[in-house]
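The whole structure should be built from the sequences, with the hints applied where relevant.
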Amino acid sequence: MSSATPTIEKPPYRVVGTRPIRPDGVDKVTGRAIFGADVRLSGLLHGRVLRSPHAHARIKSIDTRAAEALPGVKAVVTGHDFPDPQNKVAASGEGTVNLRSLAHNCIARDKVLYFGHAVAAVAATTPNIAEEALKLITVEYELLPHVLDVREAMRPDAPLLHDDLRTNEMGQRAETPSNIANHTRHERGDVNQAFAEAAVVVEREFRTSMVHQGYIEPQNGTALWNADGQISVWCSTQAPFDERNQLAEILGMPVSKIKVTPTEIGGGFGGKLSVFLEPLAAMLSKKAGHRPVKMAMNRAEVLAATAPTSGSYIRVKIGADKNGCIVAAQAWMVYEAGAFPGSPVDAGAGVIFAPYRIPNVLIDAYDVVVNKPRAGAYRAPGATNAAFASESVIDELAEKLGIDPLEFRILNGAKEGDRRADGPVYKRIGFIETAQAAKAHPHYSAPLAPSRLDPEGKNPAIKRGRGVAAGFWFNWGGKSSAWASLNPDGTVSLIEGSPDIGGSRASIAMQLAESLGVRAEDVKPAVVDTDSVGYNDATGGSRVTFGTGWVAWRLGEKLKQQLKARAALLWEVTPDQVKAEAGVFSCNGRSITLKELAGKLDETGGPIVASDTFESDEYGPGFGVHIVDLEVDTETGKVQILRYTAAQDVGTAIHPAYVEGQLQGGVAQGIGWALNEEFVYDAQGHLLNASFLDYRIPTALDLPMIDTVLVEVPNPGHPYGVRGVGETPIVPPAGAVANAIYHAIGARMTALPMSPARILEAQGKA
Amino acid sequence: MQPFAYAAPTSIVETVSLLTQHSGQARLLAGGTDLLVQLKENRRQAALVIDIKRIPELNALSYSPEAGLRIGAAVSCHRICAEPAIRQAYPGLIDAVSLIGGAQIQSRASLGGNLGNASPAADSIPALIVHHAVCEVEGPAGRRDIPAEAFCVGPGRNALQAGELLVAIRAPSPPPRFGAAYLRFIPRNEMDIAVAGAGASVILNEAGDTIVSARVALGAVAPTPLLVEAAGAALAGQPPTAEVIEQAARIAQSVAQPITDMRGTASQRRHLAWVLSRRALEQAVARAQATR
Chain A
1 MSSATPTIEK
11 PPYRVVGTRP
21 IRPDGVDKVT
31 GRAIFGADVR
41 LSGLLHGRVL
51 RSPHAHARIK
61 SIDTRAAEAL
71 PGVKAVVTGH
81 DFPDPQNKVA
91 ASGEGTVNLR
101 SLAHNCIARD
111 KVLYFGHAVA
121 AVAATTPNIA
131 EEALKLITVE
141 YELLPHVLDV
151 REAMRPDAPL
161 LHDDLRTNEM
171 GQRAETPSNI
181 ANHTRHERGD
191 VNQAFAEAAV
201 VVEREFRTSM
211 VHQGYIEPQN
221 GTALWNADGQ
231 ISVWCSTQAP
241 FDERNQLAEI
251 LGMPVSKIKV
261 TPTEIGGGFG
271 GKLSVFLEPL
281 AAMLSKKAGH
291 RPVKMAMNRA
301 EVLAATAPTS
311 GSYIRVKIGA
321 DKNGCIVAAQ
331 AWMVYEAGAF
341 PGSPVDAGAG
351 VIFAPYRIPN
361 VLIDAYDVVV
371 NKPRAGAYRA
381 PGATNAAFAS
391 ESVIDELAEK
401 LGIDPLEFRI
411 LNGAKEGDRR
421 ADGPVYKRIG
431 FIETAQAAKA
441 HPHYSAPLAP
451 SRLDPEGKNP
461 AIKRGRGVAA
471 GFWFNWGGKS
481 SAWASLNPDG
491 TVSLIEGSPD
501 IGGSRASIAM
511 QLAESLGVRA
521 EDVKPAVVDT
531 DSVGYNDATG
541 GSRVTFGTGW
551 VAWRLGEKLK
561 QQLKARAALL
571 WEVTPDQVKA
581 EAGVFSCNGR
591 SITLKELAGK
601 LDETGGPIVA
611 SDTFESDEYG
621 PGFGVHIVDL
631 EVDTETGKVQ
641 ILRYTAAQDV
651 GTAIHPAYVE
661 GQLQGGVAQG
671 IGWALNEEFV
681 YDAQGHLLNA
691 SFLDYRIPTA
701 LDLPMIDTVL
711 VEVPNPGHPY
721 GVRGVGETPI
731 VPPAGAVANA
741 IYHAIGARMT
751 ALPMSPARIL
761 EAQGKA
Chain B
1001 MQPFAYAAPT
1011 SIVETVSLLT
1021 QHSGQARLLA
1031 GGTDLLVQLK
1041 ENRRQAALVI
1051 DIKRIPELNA
1061 LSYSPEAGLR
1071 IGAAVSCHRI
1081 CAEPAIRQAY
1091 PGLIDAVSLI
1101 GGAQIQSRAS
1111 LGGNLGNASP
1121 AADSIPALIV
1131 HHAVCEVEGP
1141 AGRRDIPAEA
1151 FCVGPGRNAL
1161 QAGELLVAIR
1171 APSPPPRFGA
1181 AYLRFIPRNE
1191 MDIAVAGAGA
1201 SVILNEAGDT
1211 IVSARVALGA
1221 VAPTPLLVEA
1231 AGAALAGQPP
1241 TAEVIEQAAR
1251 IAQSVAQPIT
1261 DMRGTASQRR
1271 HLAWVLSRRA
1281 LEQAVARAQA
1291 TR
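Taken in order, these protein sequences are the chains called A and B. Counted the way this note's numbering counts, the first sequence spans residues 1 to 766. Counted the way this note's numbering counts, the second sequence spans residues 1001 to 1292.
Heads up, some of the hints might be wrong.
To spell it out: a stretch of chain B is covered by chain A in this simulated footprint if at least three of its residues, at any positions, have a beta carbon under 8 Å from a beta carbon of chain A; those stretches are [claimed, not checked]:
#1 1189 to 1197
#2 1255 to 1265
List of simulated lysine to any residue pairs, SDA-like, C-alpha gap at most 25 Å [to be verified]:
#3 B/K1040 - A/T125
#4 B/K1040 - A/F692
#5 B/K1040 - A/L70
#6 A/K10 - A/F692
#7 B/K1040 - A/I129
#8 A/K765 - B/S1267
#9 A/K765 - B/K1040
#10 A/K765 - A/N459
#11 B/K1040 - A/R299
#12 A/K579 - A/P11
#13 A/K88 - A/H162
#14 A/K458 - B/T1291
#15 A/K458 - B/E1246
#16 B/K1040 - A/V139
#17 A/K458 - B/N1189
#18 A/K463 - A/H443
#19 A/K458 - B/P1239
#20 A/K111 - A/T64
#21 B/K1040 - A/I137
#22 A/K135 - B/P1003
#23 A/K135 - B/K1040
#24 A/K111 - A/A300
#25 A/K765 - B/A1242
#26 B/K1040 - A/P218
#27 A/K463 - B/D1192
#28 A/K765 - B/M1262
#29 A/K765 - B/Q1257
#30 A/K463 - B/R1188
#31 A/K765 - B/S1254
#32 A/K463 - B/E1246
Note that these hints are calculated values from the structure, not bench results. From the three backbone atoms N, C-alpha and C, an ideal C-beta is built for every residue, glycine too.
Given below as structure tokens:
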């Protein structure tokens, strides 16, 4: 199922690289884990949200009197119950968020900006009463013209979402309002001259649709605004500390008054980095006489009104000389920000040419607001759109030059010391090794995988093809804090603040176990509330196994130093004379195990704890190269994925099974994005497919076993060589699938999703 | 979701009386796979939900080569698929019924419910049409039969009159050299509602070289499932060749009046009406030939 290709010799680790059972596994498979829906407090009220049926409208009035009069209703809030925060930018995952925008996104003030925008919320003694009360709220709207398409939104005569939005034009603030929030440019060399001299130039335009992370657990939050002004919030979040900060601004309360407890999380993928329901639940709690209020979205609300990621329009032009060396690359990228500025277009601009060494580059990136939900992060935010465009053009260039597509990528691949298109110079990276591993994989030399739609090979309408694509993600370091205490039986309680969305309890505990010299099972990790551990940035940007893992490594070292001192005390030597090796402390022929020493804490000076914090920019980027075999029923346009192999530079795989799982999960989501997922709006801006029936993520029946190749190029910036692994694998699939479809049917697909209808259109059939 | 009253009558007479008393306000519950979801999402309203699973006749399933097939309106899809004799005799129906949901839905969802819900995209209805099925309904005025192709009158609307309920679905025993098939197109391999569907049935002559009669029916390309009589007429008396089938499939395509929605485009559906009719006919012919 997976093969590891160690390219650099690793030290002989005892714990790192093994596959222990996850510490949270039993609770999750037995249903004991506490998710947001399991939070029950005495006197609990249930909140529901009234949402805009319009894409763009001015709120003329809201009459909540009839709702308030319904027996069982305890509070109703609208935007006017909230303070109006300043335009202030704060951290949100690996990106940032404008807190005023966020406040207005949680509940509309004067205008609704998208279908599903929250307008009012009700707390009642039962969910049904809350639901019924929503029907008694009268909102008078003045409909405004709306705009859904980014390029239409860029026109000077487009309906404006925000009267006060001025384009940040490469640092200069424009004078007139616009839907273009930001324009960034990256420029190096002279692309025009290089294109003029190139032997081959390919230019194409691409469109992608807004897509959703599709996590299983809907957004939820329970809040108690106590009479003493203390606010407790339980919620499903990747970012409890960011959310504490967001809540403070939106509610006008100091952070010290707010405690956020992250419950177990049923998926996030970047969609749970900011608050949605939590401020509403808190304000309802305050208005309802300080009773706790629980809120949870249904699937339609999740799809219509959370933080899906941007649809986009991208034009890519790449030129190469006759030897196959890329001489210039240009991209013009426009991303939907949704209702408020902040699309991941700048990340897309960093990703689009990242795997390649290119002397002349020009990238223009535009962040444009449209009447859709505020775009958020989704697993390598902005990257899949970008790589779909660039990797399609790279494939076409390789074909025109008659060079094997992986050979072409290796020939032009970026290495240590090369400068990325958007500026930074690479340290040690593993792109070339990854592309070589993909090329050497048996998949690449094997015949096309056998057909599933037509196993007997009788139907000439079934065509098969193979495609490859590369992808890049920055990864992130961020800030982490954690502490640990040694128990008298020699185990360690590890207290951390990074919500575990991808097996990080295990991978963090393993790093402490490695450095201290105990078994992985001897470390008991717990994810705690914001009052019980130091600050942690979000679980996002593939940073936690790197950053919080680094802290865990240090905690192990610190505990070990203190244990050496205790042993030294017993033996009347100095601590530096004590050696520690694999959980055994020794000096001059005497030795004592860690467990024995832990049993003597009381006689050697009392408890041992350690705490540490971390901030680093030494995170290493990750590269992936994917190979896919698929078949197309040319008469129906249906695509069936037949075989898939994902190779990735993963640094050091702390827990290889979870690394493989991350690769497989990213590929699964990437294939969904490639083939069927899209937000479908009608002409009035209503979301038509707000259900998992019609928002089509792949099922288990739609995917083959996804083979993984872990290429281990350790990150020199981490004690165990960790690189983030979770995001890179969603970057290549759309491009790989597009290239495979081309090789099957001879048509270049330039829009996502590559749905059956689009594949029929591309063949001129419908 | 609005609160509603619940009744579980044990006879058809009692049910008709409840339906009459609560005219327009009552909804019938069999497996609940459509109704409960619709009620929860406020897509349908009901003051009274009448559970019909305790009525013996609605739970009866019988088949014999002499009497044909009779499926009580509340019989689950799983029970139908579990009968080898039914699987053998009604291949088109089995194609369709086995597509309705996964194992859990199969054991709750009923064929009667699929008809009653009257979705233009219902998988079972084109299959019932090509098997010449008839819907047996009972109301204040007694019993009457409605052919499957006339049961739906619009999206979500069926031909039942006030106080009437669907009691059973009957299909005649297939003659020798009969074959049928139902195919639908969905973008994924499960979990989807048909973008388009087509059922086909043929009866071949003794030599197997001539189509004696045929039926073609389409789903999801019009406000109701469609019986394409002209396609059947074009096939009758013709040899089961690729050209003849192609011509019938083109006729089926020409009567499709699809719309564009979040599940597919009109032009995609028109195209699929042709592809699926052709493939369903080919399969029906192959199955008919296999019975010789």
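Results of checking the hints against the structure:
1. Under a criterion of three residues with beta carbons nearer than 8 Å to beta carbons of chain A, the stated coverage of the region 1189 to 1197 of chain B is upheld, 6 such residues being counted.
2. Under the rule that three or more residues need a Cβ within less than 8 Å of chain A, the assignment of the region 1255 to 1265 of chain B holds, with 5 such residues.
3. A threshold of 25 Å between alpha carbons decides the hint, and for B/K1040 with A/T125 the separation of about 18 Å falls inside it, so the pair holds.
4. Distance hint between B/K1040 and A/F692 is fulfilled; the C-alpha atoms sit about 16 Å from each other, no more than 25 Å.
5. Proposed proximity of B/K1040 and A/L70 is supported: the alpha carbons are some 21 Å apart, at most 25 Å.
6. Using a Cα cut-off of 25 Å, the hinted pair A/K10 and A/F692 is violated, with the two alpha carbons roughly 44 Å apart.
7. The hinted pair formed by B/K1040 and A/I129 meets the criterion: a straight-line CA distance of about 14 Å does not exceed 25 Å.
8. For the hint pairing A/K765 with B/S1267, the CA-to-CA distance comes to about 9 Å; that is within 25 Å, so the pair holds.
9. Taking the CA atoms of A/K765 and B/K1040, the gap is near 40 Å; set against the 25 Å cutoff, the hint is violated.
10. Distance check on the hinted pair: A/K765 and A/N459 sit about 18 Å apart at the alpha-carbon level, within 25 Å; holds.
11. For a cut-off of 25 Å, the pair hint linking B/K1040 to A/R299 stands: about 12 Å separates their Cα positions.
12. Distance hint between A/K579 and A/P11 is fulfilled; the C-alpha atoms sit about 19 Å from each other, no more than 25 Å.
13. This hinted pair checks out: A/K88 and A/H162 have alpha carbons roughly 17 Å apart, not beyond 25 Å.
14. Between A/K458 and B/T1291 the CA atoms are separated by roughly 22 Å; this keeps the pair inside 25 Å, and the hint holds.
15. Distance restraint check for A/K458 and B/E1246: the Cα-Cα separation of roughly 18 Å lies within the 25 Å cut-off, and the hinted pair is therefore satisfied.
16. Straight-line distance between C-alpha atoms of B/K1040 and A/V139 comes to about 24 Å, which keeps the hinted pair within the 25 Å bound.
17. Distance restraint check for A/K458 and B/N1189: the Cα-Cα separation of roughly 21 Å lies within the 25 Å cut-off, and the hinted pair is therefore satisfied.
18. For the suggested pair A/K463 and A/H443, the alpha carbons sit about 18 Å apart, so the restraint of at most 25 Å is met.
19. A distance of roughly 22 Å separates the Cα atoms of A/K458 and B/P1239; the hinted pair therefore holds under the 25 Å criterion.
20. For the suggested pair A/K111 and A/T64, the alpha carbons sit about 17 Å apart, so the restraint of at most 25 Å is met.
21. Restraint check for B/K1040 and A/I137: the C-alpha separation of about 20 Å stays at or below 25 Å, so the hint holds.
22. For the proposed pair A/K135 and B/P1003, the alpha carbon gap of about 15 Å is at most 25 Å, so the pair holds.
23. In summary, the hint linking A/K135 to B/K1040 is supported, as the alpha carbons are separated by about 15 Å, within the 25 Å threshold.
24. Restraint check: the Cα-Cα separation between A/K111 and A/A300 comes to about 21 Å, which is no more than 25 Å; the hinted pair holds.
25. Of the pairs offered as hints, the one joining A/K765 and B/A1242 holds, with about 20 Å between alpha carbons and a cut-off of 25 Å not exceeded.
26. Under the criterion of a C-alpha separation no larger than 25 Å, the hint pairing B/K1040 with A/P218 is consistent with the structure, at around 17 Å.
27. Of the supplied pair hints, the one linking A/K463 and B/D1192 holds, its CA atoms being roughly 23 Å apart against a limit of 25 Å.
28. Among the hinted pairs, A/K765 with B/M1262 is consistent with the structure: their alpha-carbon atoms are about 19 Å apart, no more than 25 Å.
29. Restraint check for A/K765 and B/Q1257: the C-alpha separation of about 17 Å stays at or below 25 Å, so the hint holds.
30. A distance of roughly 18 Å separates the Cα atoms of A/K463 and B/R1188; the hinted pair therefore holds under the 25 Å criterion.
31. For the proposed pair A/K765 and B/S1254, the alpha carbon gap of about 15 Å is at most 25 Å, so the pair holds.
32. For the hint linking A/K463 to B/E1246, the alpha-carbon distance of about 21 Å falls within 25 Å, and the restraint holds.
The structure fails hints 6, 9 (numbered hints given earlier, in ascending order).
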